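Asker: Each chain, written out:
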Amino acid sequence: MSQVTICEQKDLVANSGVCAMVDGRQIALFYLPEETPQIYAIGNWDPIGKANVLSRGMVGDINERLVVASPLYKQHFDLQTGECLEDDEHGVPVYSVELTANKVILTL
Amino acid sequence: MLKVVVVGNGMVGHHYVEQLTASSVEAHITVIGGETRPAYDRVHLSEYFAGRTPEDLALTTREHYVEIGVDAHFGDPVAKIDRDSKTVITENGRSFAYDKLVLATGSYPFVPPVPGNDQDPCVVYRTIDDLGNIKAQADNAKVGVVVGGGLLGLEAANAVQNLGLQTHVVEFAPGLMGVQLDAGGSGMLRRKIEALGVKVHTSKATEVIESTEGADSRLLMKFADGGSLATDMIVFSAGIRPYDQLARDADIKVGERGGIEVDYHCKTSDSDIFAIGECALFGGRIFGLVAPGYRMAEAAVSQLTNDKQSFQGADMSTKLKLLGVDVGSIGDAHGQEEGSIAYTFSDERIDVYKRLIVSADGKKLLGAVLVGDCSDYDTLLQYYLNGIDLPADPETLILPYNAGEAPALGAAALPATATICSCHNVTKGDIVDAMDAGFYSLGDIKGETKASTGCGGCAALLKNIVDDQLETRGLEVDKSICEHFAYTRQELFHLIKVGSIKTFDELLEKHGKGRGCDICKPAAGSILASLWNDYVLDEKHVGLQDTNDTFLANMQKNGTYSVVPRVAGGEITPDKLIVLGEVAKKYNLYTKITGGQRIDLFGARVQHLPAIWKELVEAGFETGHAYGKALRTVKSCVGSTWCRYGVQDSVAMALYIENRYKGLRAPHKFKSAVSGCTRECAEAQSKDFGVIATENGWNLFVGGNGGMKPRHAELFATDLDDETLIKYIDRFLMFYVRTADRLQRTSVWMSNLEGGLEYLQQVVIEDSLGIAAELDAQMDNIVGTYQCEWKTTIENPERMKRFEQFVNADAEDDQIVFVQERGQPRPATEEERIKLLAETA
Numbered sequence: 005m006s007q008v009t010i011c012e013q014k015d016l017v018a019n020s021g022v023c024a025m026v027d028g029r030q031i032a033l034f035y036l037p038e039e040t041p042q043i044y045a046i047g048n049w050d051p052i053g054k055a056n057v058l059s060r061g062m063v064g065d066i067n068e069r070l071v072v073a074s075p076l077y078k079q080h081f082d083l084q085t086g087e088c089l090e091d092d093e094h095g096v097p098v099y100s101v102e103l104t105a106n107k108v109i110l111t112l
Numbered sequence: 133m134l135k136v137v138v139v140g141n142g143m144v145g146h147h148y149v150e151q152l153t154a155s156s157v158e159a160h161i162t163v164i165g166g167e168t169r170p171a172y173d174r175v176h177l178s179e180y181f182a183g184r185t186p187e188d189l190a191l192t193t194r195e196h197y198v199e200i201g202v203d204a205h206f207g208d209p210v211a212k213i214d215r216d217s218k219t220v221i222t223e224n225g226r227s228f229a230y231d232k233l234v235l236a237t238g239s240y241p242f243v244p245p246v247p248g249n250d251q252d253p254c255v256v257y258r259t260i261d262d263l264g265n266i267k268a269q270a271d272n273a274k275v276g277v278v279v280g281g282g283l284l285g286l287e288a289a290n291a292v293q294n295l296g297l298q299t300h301v302v303e304f305a306p307g308l309m310g311v312q313l314d315a316g317g318s319g320m321l322r323r324k325i326e327a328l329g330v331k332v333h334t335s336k337a338t339e340v341i342e343s344t345e346g347a348d349s350r351l352l353m354k355f356a357d358g359g360s361l362a363t364d365m366i367v368f369s370a371g372i373r374p375y376d377q378l379a380r381d382a383d384i385k386v387g388e389r390g391g392i393e394v395d396y397h398c399k400t401s402d403s404d405i406f407a408i409g410e411c412a413l414f415g416g417r418i419f420g421l422v423a424p425g426y427r428m429a430e431a432a433v434s435q436l437t438n439d440k441q442s443f444q445g446a447d448m449s450t451k452l453k454l455l456g457v458d459v460g461s462i463g464d465a466h467g468q469e470e471g472s473i474a475y476t477f478s479d480e481r482i483d484v485y486k487r488l489i490v491s492a493d494g495k496k497l498l499g500a501v502l503v504g505d506c507s508d509y510d511t512l513l514q515y516y517l518n519g520i521d522l523p524a525d526p527e528t529l530i531l532p533y534n535a536g537e538a539p540a541l542g543a544a545a546l547p548a549t550a551t552i553c554s555c556h557n558v559t560k561g562d563i564v565d566a567m568d569a570g571f572y573s574l575g576d577i578k579g580e581t582k583a584s585t586g587c588g589g590c591a592a593l594l595k596n597i598v599d600d601q602l603e604t605r606g607l608e609v610d611k612s613i614c615e616h617f618a619y620t621r622q623e624l625f626h627l628i629k630v631g632s633i634k635t636f637d638e639l640l641e642k643h644g645k646g647r648g649c650d651i652c653k654p655a656a657g658s659i660l661a662s663l664w665n666d667y668v669l670d671e672k673h674v675g676l677q678d679t680n681d682t683f684l685a686n687m688q689k690n691g692t693y694s695v696v697p698r699v700a701g702g703e704i705t706p707d708k709l710i711v712l713g714e715v716a717k718k719y720n721l722y723t724k725i726t727g728g729q730r731i732d733l734f735g736a737r738v739q740h741l742p743a744i745w746k747e748l749v750e751a752g753f754e755t756g757h758a759y760g761k762a763l764r765t766v767k768s769c770v771g772s773t774w775c776r777y778g779v780q781d782s783v784a785m786a787l788y789i790e791n792r793y794k795g796l797r798a799p800h801k802f803k804s805a806v807s808g809c810t811r812e813c814a815e816a817q818s819k820d821f822g823v824i825a826t827e828n829g830w831n832l833f834v835g836g837n838g839g840m841k842p843r844h845a846e847l848f849a850t851d852l853d854d855e856t857l858i859k860y861i862d863r864f865l866m867f868y869v870r871t872a873d874r875l876q877r878t879s880v881w882m883s884n885l886e887g888g889l890e891y892l893q894q895v896v897i898e899d900s901l902g903i904a905a906e907l908d909a910q911m912d913n914i915v916g917t918y919q920c921e922w923k924t925t926i927e928n929p930e931r932m933k934r935f936e937q938f939v940n941a942d943a944e945d946d947q948i949v950f951v952q953e954r955g956q957p958r959p960a961t962e963e964e965r966i967k968l969l970a971e972t973a
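In order, the protein sequence lines correspond to chains A and B. The numbers in my numbering rise by one with no breaks, and the one at position 99 of the first sequence is 103. The numbers in my numbering rise by one with no breaks, and the one at position 422 of the second sequence is 554.
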């Protein structure tokens, strides 16, 4: 287990996503200031659209699950579990992330 | 196989072919049409002069007949029927054998036997070829006379007026439309059309038509009363005569005054020969309307199946617009039934006339006349056709609402047999059946039953029935936009506007629940933009935008973007073309010309977007909003500046329109085009709104669409000056923005709009809702606050952060791989990508 400081809170965009590169992995970070926790990290690769785009999707909730919608084909991925709501076969990795003293820290 | 020969390819003959091919009958069908073109819509013939082409009026094509296995021949009329050998022989000597023969030969225009009626400037009004003649004669004419003040005569007068001629109507009888209207109604109609600039001459018998070539006008009509009228052309449209010569020559029984006699099965005196439509005489009557013709065609087809239907005559009630005046006539308009009672309402202030003919006991409606306002027509027709008991005070049915509550006829009161749509013969029962089968939305029911897809006159009644049925079934159609808002887009628009709501969070707090999603967020973002026109990437709105709107470019399948600068009207300088080429080369972009006359640059990585825009903006380009639910392009032809045929400067108008509406956020994308003449090279009639130049100004079309569900735009207004054109487009667009559903194009919106085109005209042109000033002000505000989103973005370093590929590294997305094809880059396929990445690793 290793902890990496990725960026600062000011680098994030409220209610939207950004992308980070950690150990050759693309990770989508979503900052939702009204939620607890306030920050979520999942893989940036869209397994259905097959491109690195999830950080550019729209966030919201479906049946009270926090989700991001793929900007390519609009499937929803759960920000906490990585499950795809429309397709059991596909999912994305989820990473442990926290916001401490204005720093975004990822645990790998 | 049964050989069926159909002689005549008018609307009714074509309907017969359609019905027969759709039936269970196995038949080899031969169609022989006397005209050179396949069937077309004769009812809307006068629209030819308002910009409709023969292709628009066509009901079918030669190719379609080939596809459905029909052997069709045009331009070689049948000359003879040989009943002994059961063959027909054409003028060119070709012969066709039949087992069953169907005569759908129609009728020809009656030309009064007046000396001088055979001169060149004397024409008739019946076929598309006739229209060509009329246009040719009108080219050098100032004055045109229509002989005939009936339904067809007034249609012809409309055509002549559309050609810009001073128009006269000469009628032998004392009043206009004597068959359908009583004296009062006829008088009101005359007042109204004279107010439109058409001069009406009644009780005039023409004795001679003299040639006055060389004088100011070409012809002089002399009347029996000693009067005369100078004119340049005459259109005879004084009624029709059945074309029954073929039957006469073959000794098939015809009526004393013409018409091929038929029985309930539309069979003639020869049981292998049928006659349908205007050539047929049933019960001593010719039925000169298209709906009864269709019923005859259906009855004749059914004789070849087990389901033998009969033709029982037809109701000749009619509702139409003549020269823009609403006219309706139901049943016994003249009150000929003994003891009948008449109620009349006339208001010369607004030029409305209404008359009811009621049975002696006051219980049943026998007839009605409506001029200037046909809003009561549907209700009255249902009372008449279904013999429904009238209310105790029948006059309330035609009196203005403020004189007492008009008892609207509830949809529930109609029997299942009540005909709702007479164009397609759809009963209330058919609609109920469709709903039993699970079709609940108006659009689905129209698609399933065809109801209200002809003239559209029954749209309001159809909706009442559907609503009533939904209520009876205890069904409420859930129109919620998503789980976060229990409202339609239209309702959300209203809430945002009335509550002056400025952000999504505020909207969610006041009217929604949860956190929102990718359905409601962009919808709310679009409404906020339509109303307040803030910068779409402002902090409070950025989370509402789809990736395309967020990055002001269109995401492609590999996660890169395409960039489309605005090229208004498709006009671009050589210098700007060079800039596009240079930018594309520098950033390794694939270039393609779009259907909207601009250039799309594909394959831009997200981190390169700001630099690309910067170069484009510096060269004078702005965003083309290809990513937005907003105006895309206004396509144009070169117009009168270059083209030998152009009559207006279509490029200048396209530029003006594109620059006016660029950036306007709407429920969906919308497109436009401007053509410089009726050749329509810009394809304006396939656009959300299209403009076509005329000699006198511009014709405006609305609600067209290409793509997956093509829809022909509808002619909205004609011969507009620049200012009026823009005013109407402003209001049309703003009304659409306000009332359409999420992701509903104007074409679908118009199909679902209760009252259709006519309602839209009332709102936009006559301001029937009293909102025109508000729509105008709202559009002015949007136009006045336009900003190029690319420019605003590149000027703001904070915003630029969003365009970094990674927040923590200066690197590229290595999964984006291109290969070369035809001299340009394209995204690698998955296989290619894996292979290429393995090679580099």
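In case anyone wonders, no lab produced these hints; they're calculated from the structure. There may be inaccurate statements among the hints.
What the hints assert, rightly or not - The calculated lysine to aspartate or glutamate pairs, modelled on EDC-like cross-linking and capped at a C-alpha distance of 16 Å, are:
#, chain 1, residue 1, chain 2, residue 2
1, B, 595, B, 641
2, B, 933, A, 12
3, A, 54, B, 946
4, A, 54, B, 964
5, B, 645, A, 68
6, A, 54, B, 562
7, B, 672, A, 68
8, A, 14, B, 671
9, A, 14, B, 936
10, B, 933, A, 15
Claimed, not checked - Simulated restraints, written as ranges between beta carbons of each label pair:
#, chain 1, residue 1, chain 2, residue 2, range
11, B, 971, A, 85, 35 to 45 Å
12, B, 561, A, 95, 34 to 44 Å
13, A, 8, B, 903, 34 to 44 Å
14, B, 970, A, 112, 32 to 42 Å
15, A, 85, B, 176, 33 to 43 Å
16, A, 105, B, 901, 50 to 60 Å
17, B, 549, A, 85, 57 to 67 Å
Predicted model only: the values in this text are computed from it and were never measured. For each residue, glycine too, the CB sits at the ideal point set by N, CA and C.
Asker: Tell me the hint numbers this structure goes against, listed in increasing order.
Answerer: Numbers 1, 6, 7, 12, 13, 14 and 15, in rising order.
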